[in-house]
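Peer 1: Next come the chains, spelled out residue by residue.
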Amino acid sequence: MALKRGLFRLAETYRPSRPHIRARLLATQSAANNEERQSKNQTHFGFQTVDENEKTKKVHEVFETVAGKYDLMNDVMSFGIHRVWKDIFMARLAPMPETNLLDMAGGTGDITFRYIKYLQNLRSKPTEGARSSVTVCDINQAMLDVGKVRAERLGYTKESSGVDIDWLCADAEQLPVADDTYTAYTIAFGIRNCTHIDKVLEEAYRVLKPGGRFMCLEFSQIPNEALQWAYDQYSFQVIPVLGQLVAGQWKPYQYLVESIRQFPNQEKFKMMIEDAGFRQVAYENLTFGTVAIHSGFKI
Amino acid sequence: MSNLQKTLRLFRTQHRFILPLSSVNIRNIQGTVKDYNHSEVRTDIKIASVVTENEDHQYEQNVKDVILERALEFVSQTGWSVESLSAGAKSAGYPTITHGLFPNGGGDLIHYFNIKCNQQLAEQMKLWPQEDLKGGSKVPAKFIENAIVTRLLMIKPYKSTWPKAMAIQTLPNNVPNGLATLLSLVDDICYHSGDRSVDFNWYIRRVGLAGIYKAAELFYLTDNSQENNATRSFVSSRIRDAQVIQGALNLNPVTAAPQTLTAAFVTAKNILGINTLK
Chain A
1 MALKRGLFRL AETYRPSRPH IRARLLATQS AANNEERQSK NQTHFGFQTV
51 DENEKTKKVH EVFETVAGKY DLMNDVMSFG IHRVWKDIFM ARLAPMPETN
101 LLDMAGGTGD ITFRYIKYLQ NLRSKPTEGA RSSVTVCDIN QAMLDVGKVR
151 AERLGYTKES SGVDIDWLCA DAEQLPVADD TYTAYTIAFG IRNCTHIDKV
201 LEEAYRVLKP GGRFMCLEFS QIPNEALQWA YDQYSFQVIP VLGQLVAGQW
251 KPYQYLVESI RQFPNQEKFK MMIEDAGFRQ VAYENLTFGT VAIHSGFKI
Chain B
1 MSNLQKTLRL FRTQHRFILP LSSVNIRNIQ GTVKDYNHSE VRTDIKIASV
51 VTENEDHQYE QNVKDVILER ALEFVSQTGW SVESLSAGAK SAGYPTITHG
101 LFPNGGGDLI HYFNIKCNQQ LAEQMKLWPQ EDLKGGSKVP AKFIENAIVT
151 RLLMIKPYKS TWPKAMAIQT LPNNVPNGLA TLLSLVDDIC YHSGDRSVDF
201 NWYIRRVGLA GIYKAAELFY LTDNSQENNA TRSFVSSRIR DAQVIQGALN
251 LNPVTAAPQT LTAAFVTAKN ILGINTLK
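For the record, the sequence lines run as chains A and B.
Under full-length UniProt numbering, the letters of the first sequence match residues 1 to 299, in that order.
Under full-length UniProt numbering, the letters of the second sequence match residues 1 to 278, in that order.
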């Protein structure tokens, strides 16, 4: 191990001009770093190691700065594929009338609007009194504001959509919500940015009714080495540049790609969901595993 | 002792390649002593975890079965669909969204129904008397006919929606389940009708019976006759066909020679038009 580390250091010193290589090496060391971190209440912010409180603050800053260009950048970076991912995500959830959804980290409303549309397109019209609802929850008010504006522009109101929409600014790790409130909990591209993933999962389990479903759409790891290499090249060489060109920001997009590398892979995340108490946990890879849909039930 | 340690240390510092060898030895010695205790503990843990896993699995399966059973009540209104599953979940006390437990939607509901019917049929067949095989007949035709008709009548409550169910079963992701239930059905029928063959006939019987069953299923969908007599006679004539085919296959070529020759002559005559000259 010591020898390996020595080699890593050598590699780092010899190739300071190629940051992505350094990044991959750091990623492989993250397991060792995790142990050190836990003793000092530290966590990762991309590839940096920071205090836990600091991470919350930093993530907050990131999303405050990108909120305005968030949707545009999603389209640019994923070539618009993120829309397909989200559509598939909603098709897998397949909401029925009388669903109470908590759309966690859903600030700009991408998932919420798909949810409303899905309910509107159902063949069977809901019977009287069988209303569905959605609570859009985000830790960042700036993102929620963007979502509210979009909802207004798209004409999604309580009356027109037949779905109750609430907006809530809260932390996923401590929700101001009673136990057994919702029947579905979705979190799309959000759990990665939370400081304590296990706490988020526990909270999700708490607020769900028995029989409720937890679903998570998140970047994941590609099992194929060659594809992973190409993906890494794109992530570390192209995305920050795109961020600079389109949104005028480099750092937030550097953080974005780094945080994706830090997130546990499919199997590990599945185990974490099971540890939180969920049953029938399964995952599905989309686009070779670039993103994965995890699903679990509270039964 | 101290000399030995010294030499060892020397080896370790000067020749790195020896390190793994020595460490392996030491580990092995400790291993034989310690492993004895370890292995016992390990097996205990394993058994415990297997039990809880089984219990977990059983619990999840029970929840699923309750929902599926309730969902069957809604099939006549909403068909073999996600809507039925979600109505079933609701009546079992779960939220409508719990239908997600069944990723194949209606396919899973049909699969459950098929398994349930197969089990019922197997239970019933155990009580039926074995048919007396007298005379030339080697096939328990009556038994098989009864089994097929009994199984078909189980579909009766869902007859109006069954064409769609058959269509859903042919969707690629439902085909494995559909074939498995069909094969277990014909296997049960063959077994309880007294088939103990261990030769190639084992396959022929089952495949043939599966064909008869599926044909009868299709026939039954459009059968409006009283007490389904038309289906019953359809099944019995298909079984007779199967008997004839099997008889033909089992025919000894030497004994069959005269018949074959006569047939050939008649055909030749027909072609030449000699038959019509008379």
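Among the hints, erroneous ones may be present.
Now the in silico label distances, taken between C-beta atoms and shown as ranges [to be verified]:
| # | chain 1 | residue 1 | chain 2 | residue 2 | range |
| --- | --- | --- | --- | --- | --- |
| 1 | B | E123 | A | V84 | 31 to 37 Å |
| 2 | A | A91 | B | D56 | 39 to 45 Å |
| 3 | B | A167 | A | D171 | 57 to 63 Å |
| 4 | A | F288 | B | E53 | 45 to 51 Å |
| 5 | B | P103 | A | A226 | 27 to 33 Å |
Cut-off 20 Å, straight-line C-alpha distance, at most; resulting in silico cross-link-like pairs (EDC-like, lysine to aspartate or glutamate) [what the hints assert, rightly or not]:
| # | chain 1 | residue 1 | chain 2 | residue 2 |
| --- | --- | --- | --- | --- |
| 6 | A | K270 | B | E227 |
| 7 | B | K116 | B | D187 |
| 8 | A | K251 | A | E61 |
| 9 | A | K209 | B | E60 |
| 10 | A | K270 | B | E53 |
| 11 | A | K199 | A | E173 |
| 12 | B | K159 | B | E53 |
| 13 | A | K270 | B | D187 |
| 14 | A | K268 | B | E227 |
| 15 | B | K64 | A | E274 |
Far from chain A, some chain B residues (derived; all Cβ distances over 12 Å) [as the list claims (entries may be wrong)]:
| # | residue |
| --- | --- |
| 16 | S76 |
| 17 | V82 |
| 18 | T98 |
| 19 | L101 |
| 20 | N146 |
| 21 | Q169 |
| 22 | I204 |
| 23 | S233 |
| 24 | D241 |
| 25 | N252 |
| 26 | K269 |
Read the hints as simulated data drawn from the structure, not as lab findings.
Glycine is no exception: its CB is placed at the ideal position from the N, C-alpha and C atoms.
Peer 1: Confirm or reject each hint.
Peer 2: Outcome of the hint check:
1. At roughly 48 Å, the beta-carbon separation of B/E123 and A/V84 lies outside the given 31 to 37 Å, and the hint is violated.
2. Hint check: A/A91 to B/D56, Cβ distance near 28 Å, so the stated range 39 to 45 Å is violated.
3. As the Cβ distance of B/A167 to A/D171 is approximately 49 Å, the hint placing it in 57 to 63 Å is violated.
4. The hint said 45 to 51 Å for the Cβ distance between A/F288 and B/E53, and at roughly 31 Å that hint is violated.
5. For B/P103 paired with A/A226, a C-beta distance near 30 Å keeps the hint of 27 to 33 Å intact.
6. Taking the CA atoms of A/K270 and B/E227, the gap is near 53 Å; set against the 20 Å cutoff, the hint is violated.
7. A C-alpha spacing of about 15 Å is found between B/K116 and B/D187, which places the hinted pair at or below 20 Å, so the restraint holds.
8. Using a Cα cut-off of 20 Å, the hinted pair A/K251 and A/E61 holds, with the two alpha carbons roughly 11 Å apart.
9. A C-alpha spacing of about 16 Å is found between A/K209 and B/E60, which places the hinted pair at or below 20 Å, so the restraint holds.
10. The hinted pair formed by A/K270 and B/E53 meets the criterion: a straight-line CA distance of about 16 Å does not exceed 20 Å.
11. For the hint linking A/K199 to A/E173, the alpha-carbon distance of about 5 Å falls within 20 Å, and the restraint holds.
12. Distance restraint check for B/K159 and B/E53: the Cα-Cα separation of roughly 39 Å exceeds the 20 Å cut-off, and the hinted pair is therefore not satisfied.
13. Using a Cα cut-off of 20 Å, the hinted pair A/K270 and B/D187 is violated, with the two alpha carbons roughly 38 Å apart.
14. Distance hint between A/K268 and B/E227 is unfulfilled; the C-alpha atoms sit about 58 Å from each other, more than 20 Å.
15. Proposed proximity of B/K64 and A/E274 is supported: the alpha carbons are some 18 Å apart, at most 20 Å.
16. With 12 Å as the threshold on Cβ separation, the claim that B/S76 sits away from chain A holds: the shortest Cβ distance comes to roughly 15 Å.
17. A beta-carbon of chain A comes within 12 Å of the beta-carbon of B/V82; the shortest separation is about 6 Å.
18. Under the 12 Å C-beta cut-off, the non-interface status given to B/T98 relative to chain A is violated; the minimum distance is some 4 Å.
19. Taking the minimum C-beta to C-beta distance to chain A, about 6 Å, the non-interface status of B/L101 is violated against the 12 Å cut.
20. In this structure B/N146 is separated from chain A by more than 12 Å, as the shortest Cβ-Cβ distance comes to about 40 Å.
21. Look at B/Q169: its CB is around 21 Å from the nearest CB on chain A, clear of 12 Å, so calling it non-interface holds up.
22. With a cut of 12 Å on Cβ distances, B/I204 stays outside the contact zone with chain A, its closest approach being about 40 Å.
23. Listed as a non-interface residue, B/S233 keeps its Cβ farther than 12 Å from every Cβ of chain A; the least gap is roughly 40 Å.
24. In this structure B/D241 is separated from chain A by more than 12 Å, as the shortest Cβ-Cβ distance comes to about 43 Å.
25. Every beta carbon of chain A lies more than 12 Å from that of B/N252, the smallest distance being close to 58 Å; the non-interface claim holds.
26. Look at B/K269: its CB is around 64 Å from the nearest CB on chain A, clear of 12 Å, so calling it non-interface holds up.
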